[in-house]
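Please build the complex by placing chain B on the supplied structure of chain A, with the hints as guidance.
Here's the letter readout for the chains.
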Amino acid sequence: MSPGFKHLLLMTPAGLYCPVGDFYVDPWRSVKRAIITHAHSDHARSGSAKYLAVHPSKALLQLRLGLDIDLQTLQYGESLAIGEAVVTFFPAGHILGAAQVRIEYRGQSALITGDYKLQQDATCASWEPVACDLMVTESTFGLPVFHWPSTAQVMAEIIQWWQENQRAGRTSVVFAYSVGKAQRILMELCHSETATGPSSLPAAFGLPGPIWLHGAMLGPMRAYRDSGVKLPDFESVSVAPSGTDFSNALIVAPPSAQQSAWMNRFKDVSMASASGWMAIRGTRRRRNLDRGFVLSDHVDWKDLNCAVDLCNPEELWVTHGFSDVFARYQLEKGRKALPLKTEFQGEVDSEEVQV
Amino acid sequence: MRAFAELYQSLDATTKTSAKLEALVAYLSSSSDADRAWAIYFLLGNKLKPSVPTKALRKAAIEAAQIPEWLFEETYQWVGDLAETIANIVPKAQRLEHGSLSEWIEQYCRPLSKLELSEQIALLNQCWGRLDAQQRFVFNKLLTGNLRVGVNARLVTKAISEWSGIDVDVIAHRLTGEWRPTFEALNQLLEQGSETASPSQPYPFCLAHSLPANFYESLDSMNFRAEWKWDGIRAQLIRRNGLIFLWSRGEELLVGRFPEIESAATALDDGVVLDGEVLAWRDHAPLPFSELQRRIQRKNVSKKLMHEVPVRFVAFDLLEHETVDIRPLPFEQRRMRLEHLLTTCYPDANQSPPTISVNHLLPAATWSELAARREEARSVRAEGLMIKRKDSRYETGRVTGAWWKWKLDPFTVDAVLIYAQRGHGRRAALYTDYTFAVWSEGSLVPFAKAYSGLTDEEIRVVDRWIRANTLQKFGPVHEVKPHWVMEIAFENVQLSTRHKSGVAVRFPRIVRIREDKKIEDADRLQSILELVAARQG
Chain A
-7 MSPGFKHLLL MTPAGLYCPV GDFYVDPWRS VKRAIITHAH SDHARSGSAK YLAVHPSKAL
53 LQLRLGLDID LQTLQYGESL AIGEAVVTFF PAGHILGAAQ VRIEYRGQSA LITGDYKLQQ
113 DATCASWEPV ACDLMVTEST FGLPVFHWPS TAQVMAEIIQ WWQENQRAGR TSVVFAYSVG
173 KAQRILMELC HSETATGPSS LPAAFGLPGP IWLHGAMLGP MRAYRDSGVK LPDFESVSVA
233 PSGTDFSNAL IVAPPSAQQS AWMNRFKDVS MASASGWMAI RGTRRRRNLD RGFVLSDHVD
293 WKDLNCAVDL CNPEELWVTH GFSDVFARYQ LEKGRKALPL KTEFQGEVDS EEVQV
Chain B
94 MRAFAELYQS LDATTKTSAK LEALVAYLSS SSDADRAWAI YFLLGNKLKP SVPTKALRKA
154 AIEAAQIPEW LFEETYQWVG DLAETIANIV PKAQRLEHGS LSEWIEQYCR PLSKLELSEQ
214 IALLNQCWGR LDAQQRFVFN KLLTGNLRVG VNARLVTKAI SEWSGIDVDV IAHRLTGEWR
274 PTFEALNQLL EQGSETASPS QPYPFCLAHS LPANFYESLD SMNFRAEWKW DGIRAQLIRR
334 NGLIFLWSRG EELLVGRFPE IESAATALDD GVVLDGEVLA WRDHAPLPFS ELQRRIQRKN
394 VSKKLMHEVP VRFVAFDLLE HETVDIRPLP FEQRRMRLEH LLTTCYPDAN QSPPTISVNH
454 LLPAATWSEL AARREEARSV RAEGLMIKRK DSRYETGRVT GAWWKWKLDP FTVDAVLIYA
514 QRGHGRRAAL YTDYTFAVWS EGSLVPFAKA YSGLTDEEIR VVDRWIRANT LQKFGPVHEV
574 KPHWVMEIAF ENVQLSTRHK SGVAVRFPRI VRIREDKKIE DADRLQSILE LVAARQG
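First to last, the sequence lines map onto chains A and B.
Numbering follows our numbering, with no gaps: position 337 of the first sequence is 329.
Numbering follows our numbering, with no gaps: position 321 of the second sequence is 414.
Chain A extracted, bound-state conformation:
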């Protein structure tokens, strides 16, 4: 870490710390004051005395950390002085309420991206580039083999797979993280701002068939709707009348459901996952999936480089994932860059934690 930013930001055993503001960003231990970039479990941990986050993440954070947390919220673009630091949130485009955190102190600024993507996502505000002196970026998919296809192409693949399964009399089960990915898929499928009402009825939105959810999805779905995201009220598989034929349905479930007895209710089934990791054959085969859809809420290689160029920091810290590789690459391109050691199990399967 460069001494140039020591008042602004430090890496400590509890996580990223701002000395002049006396707060942490996404700490992995209990602290006095935590700023949270988004509501995934590896970023939003319980036990801190006070929390600060962006307003659209409120419902999801309360779902994750409890209604009784001491949570203060700001709008995107709104600034707050904490100690000698000034904190502002900017959209990260990762999931609903995902924010980049800018910290300013005496004319210097640091930007902590949290997780982010540049692709459009109708369930959340789009990423914005933020000029800064120090940028702390994630690098979950920071290898040049990761190139995301367009969302439209992936959605077309999902619908085609669903229809093929229907013809074969097979239930389609797609595994997607229950906070973010699932809502993004459902929103894309319905791509309608007016769609409401009971949806387990076939073809309610010109779709090939009914959509049902795993029970674990209901909480996050409600939080999304409470936050103003116009998602239809899909029902849980468990309330389906006994004898319901799921063979023409699309079921959305968290990845953890794959190994559970919950799956037994579907007789002939095709299992798919929607994740950036599906770009790699080995990760798909290891999970015994029939199909993998390359749909990620993180930046791919090109967008990662693009984001760094747009924010154009004097110094870059790389965390979450292929930190060593991406930092070295940026360093060779002439930018001061270094990898951060974190307690996260980056590299492989980190998305998996976010159930």
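Keep in mind the hints are simulated off the structure, nothing from the lab.
Note that the Cβ used here is the ideal one computed from N, Cα and C, for glycine as well.
Fair warning: there could be bad hints in the mix.
[Stated by the list, open to error] DEER-style ranges, computed between Cβ atoms:
hint	chain 1	residue 1	chain 2	residue 2	range
1	B	A186	A	C298	20 to 26 Å
2	B	S211	A	K259	55 to 61 Å
3	A	E306	B	Q159	24 to 30 Å
4	A	S118	B	A186	25 to 31 Å
5	B	P143	A	T236	55 to 61 Å
6	B	N239	A	S248	33 to 39 Å
7	B	F600	A	G207	42 to 48 Å
8	A	S248	B	P143	46 to 52 Å
9	A	G75	B	V554	41 to 47 Å
10	A	A41	B	F600	56 to 62 Å
Coordinates of chain B only, in the frame set by chain A:
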């Protein structure tokens, strides 16, 4: 190319045999003869020869992706598959080209291997620019000769039979041996009638299942015969039209490798096919497999090597006799004919050591007698017993109930994990290739590499631990803190000058994690050396 890449994807996407069969039949039905011939060639596991060196592919990919070499290597290490790394790392195709599989092979794949490095790089970049990622992946696999499709010969045979309407056994027989991706080969394959044209054509091998523990108690020993199971090269020896052919089980023609067997085979009657095992053999016992390996590696064998490692063909079945396919006859009748044939063809067998001999049946009537014989296997340097049902026909492939292999229990030791490397294929990106060490004079010496045996869950746990406990890296190899003790099984052990520990083990694999043991409790090299001594004594 697109259709073949899609076939690959369908086969890769499912573990269900019925879905694979469906995809194969659909491909055969909709493709041209030229494509069919090539597709069958690859589906049977054949490779393009010569292949394009991976160096050319790497260089071309680095150039196309405009990234530093180290970044390419880091990425490849993580992905674990060169063809896939390249398919995803090079820029998206500018303009897709819709050539067929055979056109791509004739126009690009085959010419590529003959070019200079700089020309290869240029042409590779052109090719990648015309294929999407999925096609690029298959194309790269074809070039490097690493296309593993995940279907066995039996399924391919079934698909061809279903598509063509020709009996599956006829197809199986016609496919056995070398398959050339030509119209002639395809026409011969699809000819009506059940004759096979080529005198070199072997029969599909009959394969054995392992005898499940205590399963034999449910079988009547009187219905079975037993013989030693040897650790050599399973092979078919063909004598037809005055010619001699020796085929390995991998359906590779072994011509010229074992001249003494070919020369001895001239004494066989014409119209004969023997099934047996090629073994390195001296005096009354086989030599270790590592000795035989010295012979396998040589296409032209020297007099000296032939003298150092004499080989013999130990026959255990007769598939063709007097030009007639006798596979439908019961095992016992085939055996009687085999013994009679070899006695008449080699009348002096008792005086001079025969190069072609019969694998004798073991006189044992009950399972307990057989179990006792099995225990003696190591002393005659056999792997265990083969148990064959007396009335069984010679089956095609692995059919349950006819032949059983009853191998000796493997040796096991407790060893310490000291190095780890990323795996390949399904396990790419996870640390699954382990090197194990045992104690010698107070330090851990590596003695075996093992890949398989852990569950996916265990692999994940160990993988995480390895990431957090790496002491240092040597390229892709991570040296880890000695911590995990695992039980390693292996079939055989030999002294070796090539290994640091001085021993080489055969087929090492992980049996289980010994959570109950500390690293101090792992085995000593001395105890492995004692196993060697006991084995040789």
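(message) Given the hint of 55 to 61 Å, is the C-beta distance from B:P143 to A:T236 inside that range or not?
(response) 58 Å, holds
(request) Look at the Cβ atoms of B:A186 and A:C298 and judge whether their distance stays inside 20 to 26 Å. (result) 21 Å, holds
(message) Given the hint of 33 to 39 Å, is the C-beta distance from B:N239 to A:S248 inside that range or not?
(response) 34 Å, holds
(message) Just to be sure I understand the hint, the distance between the Cβ atoms of A:E306 and B:Q159 should be within 24 to 30 Å; is that true here?
(response) 25 Å, holds
(request) Evaluate the given range 46 to 52 Å for the C-beta pair formed by A:S248 and B:P143. (result) 48 Å, holds
(message) Against the range 42 to 48 Å, how does the distance between the Cβ atoms of B:F600 and A:G207 compare: consistent or not?
(response) Since B:F600 and A:G207 have Cβ atoms about 47 Å apart, the given range 42 to 48 Å holds.
(message) Quick check: does the Cβ-Cβ distance between A:A41 and B:F600 fall within 56 to 62 Å?
(response) Holds: the Cβ-Cβ distance is about 59 Å, inside 56 to 62 Å.
(message) A range of 41 to 47 Å was offered for this pair. Does it hold for the Cβ distance of A:G75 and B:V554?
(response) Given about 42 Å between the Cβ atoms, the range holds.
(message) Does the beta carbon distance between B:S211 and A:K259 stay inside 55 to 61 Å, or does it fall outside?
(response) With Cβ atoms ~57 Å apart, the hint holds.
(message) Quick check: does the Cβ-Cβ distance between A:S118 and B:A186 fall within 25 to 31 Å?
(response) Once the Cβ atoms are compared, 29 Å apart, the range 25 to 31 Å for B:A186 and A:S118 holds.
Against the hints set out earlier in the document, no violation occurs for any number.
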